[in-house]
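Given only the sequences and the hints, what does the whole structure look like? Please build it.
According to our numbering, the first sequence is numbered sequentially starting from 259.
These aren't lab readings, by the way, just hints derived from the structure by calculation.
Heads up, a few of these hints could be off.
Said to hold, decoys possible - For each label pair, taking beta carbons as the anchor points, the in silico distance ranges come out as: (1) Glu-261 to Arg-281: 28 to 34 angstroms; (2) Pro-337 to Ser-277: 20 to 26 angstroms; (3) Thr-262 to Pro-342: 36 to 42 angstroms; (4) Ala-376 to Gly-308: 17 to 23 angstroms.
Claimed, not checked - With a Cα cut of at most 20 angstroms, we get these calculated DMTMM-like pairs of lysine to aspartate or glutamate: (5) Lys-268 to Glu-319; (6) Lys-306 to Glu-270; (7) Lys-268 to Glu-328; (8) Lys-268 to Glu-290; (9) Lys-268 to Asp-309; (10) Lys-306 to Glu-290; (11) Lys-268 to Asp-303; (12) Lys-306 to Glu-332; (13) Lys-392 to Glu-319; (14) Lys-268 to Glu-385; (15) Lys-268 to Asp-362; (16) Lys-379 to Glu-319; (17) Lys-306 to Asp-362; (18) Lys-352 to Asp-341; (19) Lys-268 to Glu-280; (20) Lys-268 to Glu-332; (21) Lys-268 to Asp-278; (22) Lys-392 to Glu-270; (23) Lys-352 to Glu-290; (24) Lys-306 to Asp-341; (25) Lys-379 to Glu-404; (26) Lys-350 to Glu-290.
Yeah, the Cβ is synthetic: ideal placement off N, Cα and C, and Gly gets one too.
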Amino acid sequence: MAETRYWLMKSEPDVFSLSDLERAPGRTTGWEGVRNYQARNYLRDQFKTGDRVLFYHSRVEPIGIQGVAEVVREAYPDPTAFDPSSRYFDPKSKVASPTWLQVDVRFVCAFPAPISLAQLKQTPGLERMMVVQKGSRLSVQPVSIEEWGIVLALAGVSLS
DNA sequence: GCCAACGTTGGC
DNA sequence: GCCAACGTTGGC
259 MAETRYWLMK SEPDVFSLSD LERAPGRTTG WEGVRNYQAR NYLRDQFKTG DRVLFYHSRV
319 EPIGIQGVAE VVREAYPDPT AFDPSSRYFD PKSKVASPTW LQVDVRFVCA FPAPISLAQL
379 KQTPGLERMM VVQKGSRLSV QPVSIEEWGI VLALAGVSLS
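The structure is reproduced here in structure tokens:
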């Protein structure tokens, strides 16, 4: 079996929240709208079925990690890039050679309480975590297995 | 709502 | 290829 990788994905909860994911058909959604090349490259090159994801809410309190999702489909073209009515439309992305990709993620669990950004910043062992770095804007970030373990312990959650 | 940090665009 | 201008992200 392939090694499971760990990620953090950001969403503004008034656009798409962890609760929205839990209520979605099959508790699954296409992670549309990534328009950053570094994030796209992670989706394209490294996301594998079974990878685990920390679901992070940005901009809106409570800012922080809300729970866990998992990757259930690997990268494929993001249809919103081809849709002129979408806020994510990109006329430079062609169907024959799509610029932007998405993966499908499925709800796993919501934490009993969100882990706030302030809490992450003051937790030993998370000093190097990308999301706590000043000016970190990347919406798809790798998480080390050590960081993953610390966050799940903070949340009081254990996953089989 | 402000604004620092960052990514992209485009003139040269 | 440089870099100023511009647009976006996201904490506060």
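Checked hints:
1. Glu-261 to Arg-281: 28 to 34 angstroms: The hint (28 to 34 angstroms, Cβ to Cβ) holds, given that Glu-261 and Arg-281 are roughly 31 angstroms apart.
2. Pro-337 to Ser-277: 20 to 26 angstroms: Hint holds: Cβ distance 24 angstroms, inside 20 to 26 angstroms.
3. Thr-262 to Pro-342: 36 to 42 angstroms: holds, 38 angstroms
4. Ala-376 to Gly-308: 17 to 23 angstroms: violated, 31 angstroms
5. Lys-268 to Glu-319: holds, 13 angstroms
6. Lys-306 to Glu-270: violated, 24 angstroms
7. Lys-268 to Glu-328: Holds, because 14 angstroms separates the two Cα atoms, which is no more than 20 angstroms.
8. Lys-268 to Glu-290: holds, 12 angstroms
9. Lys-268 to Asp-309: Given pair Lys-268, Asp-309 holds - Cα atoms ~16 angstroms apart, limit 20 angstroms.
10. Lys-306 to Glu-290: holds, 17 angstroms
11. Lys-268 to Asp-303: Satisfied, since the Cα-Cα distance of roughly 19 angstroms is no more than 20 angstroms.
12. Lys-306 to Glu-332: holds, 6 angstroms
13. Lys-392 to Glu-319: Holds - the C-alpha atoms of Glu-319 and Lys-392 are around 18 angstroms apart, at most 20 angstroms.
14. Lys-268 to Glu-385: holds, 19 angstroms
15. Lys-268 to Asp-362: Answer holds: Lys-268 to Asp-362 is near 14 angstroms, not above 20 angstroms.
16. Lys-379 to Glu-319: OK: Lys-379 and Glu-319 at ~16 angstroms, within 20 angstroms.
17. Lys-306 to Asp-362: holds, 10 angstroms
18. Lys-352 to Asp-341: Cα-Cα ~11 angstroms, so holds.
19. Lys-268 to Glu-280: holds, 16 angstroms
20. Lys-268 to Glu-332: holds, 18 angstroms
21. Lys-268 to Asp-278: Roughly 14 angstroms separates the two Cα atoms, so the pair holds.
22. Lys-392 to Glu-270: holds, 18 angstroms
23. Lys-352 to Glu-290: With Cα atoms ~16 angstroms apart, Lys-352 and Glu-290 stay inside 20 angstroms; holds.
24. Lys-306 to Asp-341: violated, 26 angstroms
25. Lys-379 to Glu-404: Answer holds: Lys-379 to Glu-404 is near 15 angstroms, not above 20 angstroms.
26. Lys-350 to Glu-290: Since the Cα atoms of Lys-350 and Glu-290 sit roughly 16 angstroms apart, the hinted pair holds (cutoff 20 angstroms).
Hints 4, 6, 24, counting from the list given before, are not met by this structure.
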